[in-house]
Amino acid sequence: GIQVEQSPPDLILQEGANSTLRCNFSDSVNNLQWFHQNPWGQLINLFYIPSGTKQNGRLSATTVATERYSLLYISSSQTTDSGVYFCAGNSGGYQKVTFGTGTKLQVIP
Amino acid sequence: GAVVSQHPSWVICKSGTSVKIECRSLDFQATTMFWYRQFPKQSLMLMATSNEGSKATYEQGVEKDKFLINHASLTLSTLTVTSAHPEDSSFYICSAPQSEQYFGPGTRLTVT
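These protein sequence lines map, in sequence, to chains A and B.
Yeah, the first sequence ends on 109 if you go by this note's numbering, and it's all consecutive.
Yeah, the second sequence ends on 1112 if you go by this note's numbering, and it's all consecutive.
Don't take every hint at face value.
[Claimed, not checked] The calculated lysine-lysine pairs, modelled on DSSO-like cross-linking and capped at a C-alpha distance of 30 Å, are:
#1 Lys1014(B) with Lys54(A)
#2 Lys1066(B) with Lys1020(B)
#3 Lys1066(B) with Lys96(A)
#4 Lys1041(B) with Lys1066(B)
#5 Lys1064(B) with Lys1020(B)
#6 Lys54(A) with Lys1064(B)
#7 Lys104(A) with Lys1055(B)
#8 Lys1066(B) with Lys54(A)
#9 Lys1041(B) with Lys96(A)
#10 Lys1064(B) with Lys1041(B)
#11 Lys1055(B) with Lys1014(B)
#12 Lys1041(B) with Lys1014(B)
#13 Lys1020(B) with Lys1055(B)
#14 Lys1066(B) with Lys1014(B)
#15 Lys54(A) with Lys96(A)
#16 Lys1014(B) with Lys1064(B)
#17 Lys1066(B) with Lys1055(B)
#18 Lys1020(B) with Lys1041(B)
#19 Lys54(A) with Lys104(A)
#20 Lys1041(B) with Lys54(A)
[Said to hold, decoys possible] Just a few of them, taken from the derived set where beta-carbon distance is under 8 Å, the chain B residues facing chain A:
#21 Gly1001
#22 Gln1029
#23 Thr1032
#24 Ser1043
#25 Ser1090
#26 Glu1100
#27 Phe1103
#28 Arg1108
[To be verified] Across the chosen pairs, the derived CB separations fall in these ranges:
#29 Asn24(A) with Ser1073(B): 33 to 41 Å
#30 Asp10(A) with Leu1076(B): 33 to 41 Å
#31 Pro9(A) with Gln1098(B): 25 to 33 Å
#32 Gly16(A) with Lys1064(B): 48 to 56 Å
#33 Met1045(B) with Asp10(A): 16 to 24 Å
#34 Lys104(A) with Leu1026(B): 29 to 37 Å
#35 Ile108(A) with Gln1098(B): 31 to 39 Å
#36 Thr1032(B) with Lys104(A): 27 to 35 Å
#37 Gly16(A) with Thr1032(B): 38 to 46 Å
#38 Asp1065(B) with Pro8(A): 35 to 43 Å
#39 Gly16(A) with Leu1074(B): 43 to 51 Å
Note that these hints are calculated values from the structure, not bench results.
Backbone N, C-alpha and C fix where the C-beta goes; we use that ideal spot for every residue, glycine too.
Based on the provided sequences and hints, a complete structural model is requested.
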């Protein structure tokens, strides 16, 4: 199966700072998604982004499928952005999804 | 967006007992659902694919006799952890696809 690596594994930001999270995958990936896992464990869908760029408020994401990576940008970070961010995707014609290793973000006031 | 629910959200059980977790797609039908397990500070690992009307497909290393999956209808899949042991304590989460994956809120299982 595909391997999905995320970087950095851990990130501490001062409130108001910007950051970029990266997701690299070992093979072509379909249906790439970004999630935020809150402290209670729930996965919040951030972006469904198989290719191109999308923006939603302070968050934006870019996927370059031909180069097998995706980026998540967080601008003007807030303490509520803290948590773990995962990218995930599937390969070939399979629906089952492989998750990345995750980035744990802590935003401090 | 589509909504997936899970029940219960947390459960504590004694070693040797069985626990059933339900996953429901509330506003769409799902012929396929997925079950994941997440240990503390780790990523989500796919356990099995639940198929409506047929047997589940288990990932390598997952005991099918221990983790029984039943996809009884187009909106309901259940995961039963049989003869639970403390090492089965984990966060279990299901998903259902509609081009993108929609996840339930998860079930935290603690086996004492």
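Hints violated by the structure (numbers, ascending)
1, 6, 7, 8, 22 and 25
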